[in-house]
Structures are given as structure tokens and as C-alpha cells.
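Chemist: Sequence:
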Amino acid sequence: MKILPQSMTRSNLDHACCAPRVLCVSSTCAKLPQAVTQTKLGRLTYGRQRVRKIQTRARYGRRRLKRISRTATLGGLFLSFLKIGITGFGGGFAVLSHIRNVVVHERGWLGEHDFIEALALGQSLPGTSAGNAVTYMGFRLRGWRGAALSLLGFILPSMLMMIVLAIFYNRFTALPNTAQLFHGFNSAVVALIAVTAWRMGKHTVSKPWQRILVILSFAAVIFLKATVVEAILFSGLIGIGIESFSQRRLPRLERVRGFAARRQQRIRARLAIRRTKPHRFVGGYLTEALAEERLRQMTDARVMQPSDEDSKQKPDREGGCIDEYEADNTNEEPTSEREPSARAYFLFALPVFAKFGLALSLAFIFLRIGAVTFGGGFVMIPQIESEVVNSHHWLTHQEFADATALGQITPGPVLIMATFIGYRVAGTIGAVLATICVFLPAFLMTLAAGSSFRRFRTNRQMQAFLRGVAPAVTGLLAAAAWSIARAGIHTIIGASMAMIILVILLRFRPNTFWVLMGAGVFRFLLALIVS
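Numbering (our numbering), first residue to last: 4 to 534.
Just so you know, the hints here were simulated from the structure itself, not pulled from any lab data. Heads up, some of the hints might be wrong.
Unchecked claim - Straight line, CA to CA, 27 Å or less: simulated DSS-like cross-link-like pairs of lysine-lysine:
(1) Lys228 x Lys56
(2) Lys205 x Lys228
(3) Lys56 x Lys205
Stated by the list, open to error - Per label pair, the in silico range of CB-to-CB distance:
(4) Arg214 x Phe516: 30 to 36 Å
(5) Lys56 x Lys210: 19 to 25 Å
(6) Arg266 x Met502: 28 to 34 Å
(7) Arg463 x Val54: 36 to 42 Å
(8) Leu447 x Ile225: 39 to 45 Å
(9) Arg271 x Thr431: 40 to 46 Å
(10) Asn173 x Gly111: 30 to 36 Å
(11) Arg489 x Val533: 22 to 28 Å
(12) His206 x Ala451: 27 to 33 Å
(13) Leu528 x Trp485: 25 to 31 Å
(14) Val533 x Leu447: 37 to 43 Å
(15) Arg271 x Ile503: 47 to 53 Å
(16) Trp485 x Arg463: 33 to 39 Å
(17) Arg53 x Ser209: 19 to 25 Å
Nothing here was measured: the structure is a model prediction, and the numbers come from that model. We put the beta carbon where it would ideally sit given N, CA and C, even for glycine.
With these hints in hand, go ahead and build the complete structure from the sequences.
Modeler: Listed below in C-alpha cells is the structure:
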């Protein structure tokens, strides 16, 4: 039995027994503030990281805006889309791949999602999708002037080229092996559209339901014969439904950023409404006093002028006055000598008036077709054929088929065939009027829709709609490549060329213009060697 020392009393014993517990409690109490501090530091660190990310994005956005302001001038937009108009062979989605290469990769004016928005808006309006997308891009970068210059640069080369082809149409059709040249173009166009669909889907399609929408859009267009507008609207509605169920509430940061963006838009709208003029102009003058003084001077000068009756009389040799009408009639030639020249002028002007009347009727037809036809240039072809060939008999079926083929092989949109039809019907005036009228309704509608579209970009439903549209556009590109391959590639040589060009485009990223030209020239030379 161990005897405790005398100094160890009961109170000391109790204190000694409870000492470890006190130490444990004190150590736990000491660790609590440390844990709270670590939690606060962790939250602060996470918040600082988020702030740094936002600041980095803001700096990147400011640098990008500076770069855009230096390069996206009115002249820069015109020259860039003029280049696309010169090199954009294939029409439709093939031209859109050229636009994406220049606007997104070379110039950096728009991001991938911005390009998808432009493409979705262009597909949802009447007219050609490429022309509407170009108009929206120019409008977003430089307003309505940028939109007008972008569209002008885009269609000007193909319009001039189509006028030249219409002038030499009869000689051009007599050349041998011209069809082989176009077969080479078809192989390159198929590969180009397929590569564009792959790259666009890789950047915009990231969720499983979006991959399913790509397959559904492709199947709907190829097998169910659905239109482009139906596929886009259906996919957008699916995107709204899925995003509404999956994300009931946006994160706080996203809500704050959306609130800030809407507040900035309201401030800009108020500033635009309250924009005051520095001076008040009355009748073209700075103040009312200056306007009244100028009016008094004009009145005095009017009173001092001679009357009209005095000015119409001329003094004769004897001091009298004769009328100006009589003075003019004294030197008048006989009527019989002037009648032949008047008849010659009338007969010379008669064909001009007749062609001008044809050009006006043709302009009204294309204005109506361009305003009510959805789905792109290929959808307009049956309506144009019904008006030009069946109703008015301006062209034969063979000439209209040649116009469609020339619209596909020339750069720019397929709808540029309106220039060829206008020239064949009413000459150069008809070509210019037909081209303007077929693009004008879609241009005005794109400006109106683009101004509203910029306001609703931060809307939750609009963002969900665009997330559904992105896979639909990818599926439509794949469907376009399949349709062109089925209609334009009929031999093993064409299919082999398409596969080789596909590998080259995926591996090396060459210039698409030289790829198209090389494919056409190679097929033409191969046909010459074989024959």
C-alpha cells in the first residue's frame, strides 16, 4: 500500500485528478478560435481568388475591346468581309466556316459563343443565314454603318463576278471539262463543312443532353425533312426546359453580375434619352434674333426685285416692248424639221423604259421573296423558279438550272443567283435592283432583331435557349455536309479527295481558299489526263 505524502491533501488530490480534464478543455478551447480563424481565412482566400478571376476577365475584356477598337473600324470591317466575299466558295454553311475562321480566329472580334448567337439569329430570320449573320456581326461591332458596310463587302465580289459570268454565259457553257472543276469544289466544300461542325461542337457542346440534341437535329433534317427554323426553335425550347429544371436558382455571383449589367443598360438608356443639345437652332440659325434678322433681309431683297411681268418684256428697236414668248418664236425653226429628232429620241428611249419596267417588276418579286421566305437561299430557289420560269417565262428551265449552279460555284451566298437572273431579264439595272431587293428585307429585320437581341442576352431564358441552339447548329452543319456529299460526290475519286482534304484540314489548318482552288484544279487536270 502506497502512502501519500502529507502535503498531498484531499483538495490537492482532487485538483490533481481534475488537472488533465482542465488541460483537455483548455486545449480544445484554444483550438476553437484557430479553427474559426482558418475557416475565415479559407473563405477570404476563396473570395480573393474569385475576385482575382473576375479582375483577370475584366482586364482581358478591356484588352480585347482595345484590340477590337483598333482593328474593327468601318474600313477594317469592309475589307475583312470583302476578303470573305472573294474566297467564300460553296454557299450556305461553307461560307459560314470562312466567316468563323476570319472573325473568331484571325481577328478575334467575337468569341465562339458570340458566333453561335449570330448564327442562330441569322437562321431565325428570312433571307440567307450567312448574310444575316454578317449583318448582325457588323451591327454589334460598329452599329448600322458597320452592318451596311459588312454586307456590302460580303456580296459585292460575288455580284460583280455573277454579272461577268452572265455576260459571257454562252461562251462559258461551251468550255470542255468545266463540270470536273465543280466536282473538285464539291469535295473540298464537304470536307470544310464537316471540319467546321467538328470544331464548333467541340467548343460549344459539353453536356450529355446537348450531344443528344446534335444527333436529333441531324436525324430530323436528313430523315424527317425538317426545316432549319423548326430544328433551331425545337432545340431552343428543349434547352429552356432542361435549364429551367436543372438550375432553379443562379449562383449569387451570376445574379449580381446580371443585375450590374442590367443597371448599366438602364443608365445608358437614360443618358441616351437625356442627351441635350448645346444650342437651340431655329430655322437653321443659332438664335431667334438671327433668324428674324435674316428673314427681314430676305424680305427687303424680295421687295427690291423687279416684277415678273417687267422681266418678261424686252425693248424693241423703236423703244417699244415685245413679249419674251414672241422674241423666242421669232427664231423658231419650222415644226416639220423638229419632228424627226423627237421621234428618234422617243424610239431610242423606248427600250430603256421597257427594261426599266421589267427591272421594277423583277425588283418587287425579289423584295417579296426576300421578306417572307425562311430557311436560307436553298429554300428560296423553288419560289424564284415559280415566279421567273413558270409565271413570267423570263428564263427557261435550263437557264435557271445554270443560274443555280453558278450561285453555288461563285463565292458568297447562293442567293447571289438573283444577280444572274436580273441581268438576263433587264441588264445591269435589273441585276443591281434584284440583288438589292433580295437582301434588303433581311437586312432591315436583322437590324431590328439585333438591337433587341443585345438587350435580352443576359436574360436567363435567352441563355438557356442559346445553349439549346448551339448543338442544333452543329447538327445542321453535319446534315449540310451529308446532303452536299450525297448530291455532289458520285465517284470514288471524289470521296477519296474529300477524306484527304478532311485530314489535311484537321491536321494542318491551311487557308481554305487555296484548298478549294487546289481541289478544283486537281480534279480538272485529272480529267484532262484521263481523257
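Chemist: Hints first: check each against the structure and report whether it holds.
Modeler: Going through the hints against the structure:
For the suggested pair Lys228 and Lys56, the alpha carbons sit about 46 Å apart, so the restraint of at most 27 Å is broken. As the CA atoms of Lys205 and Lys228 are separated by approximately 26 Å, the hinted pair is consistent with the 27 Å bound. Among the hinted pairs, Lys56 with Lys205 is consistent with the structure: their alpha-carbon atoms are about 24 Å apart, no more than 27 Å. The hint said 30 to 36 Å for the Cβ distance between Arg214 and Phe516, and at roughly 32 Å that hint holds.
The hinted range of 19 to 25 Å is satisfied by Lys56 and Lys210, whose Cβ atoms lie roughly 22 Å apart. Separated by about 53 Å at the C-beta atoms, Arg266 and Met502 break the suggested range of 28 to 34 Å. Distance hint for Arg463 and Val54: a CB-CB separation of about 24 Å, inconsistent with the stated range 36 to 42 Å. As the Cβ distance of Leu447 to Ile225 is approximately 33 Å, the hint placing it in 39 to 45 Å is violated.
Look at Arg271 against Thr431: about 45 Å separates their beta carbons, and that is inside 40 to 46 Å. Between Asn173 and Gly111 the C-beta distance comes to about 46 Å, which lies outside the given range of 30 to 36 Å. At about 24 Å, the CB distance of Arg489 to Val533 agrees with the hint of 22 to 28 Å. For His206 and Ala451, the Cβ-Cβ distance of about 29 Å falls inside the hinted range of 27 to 33 Å, so the restraint holds.
Taking 25 to 31 Å as the suggested C-beta distance range, the pair Leu528 and Trp485 conforms, at roughly 28 Å. For the hinted restraint 37 to 43 Å between Val533 and Leu447, the CB-CB distance of approximately 51 Å leaves it violated. One distance hint, 47 to 53 Å for the beta-carbon pair Arg271 and Ile503, holds here, with the actual separation near 52 Å. The hinted window of 33 to 39 Å between Trp485 and Arg463 holds, with their beta carbons roughly 35 Å apart.
Hint check: Arg53 to Ser209, Cβ distance near 22 Å, so the stated range 19 to 25 Å holds.
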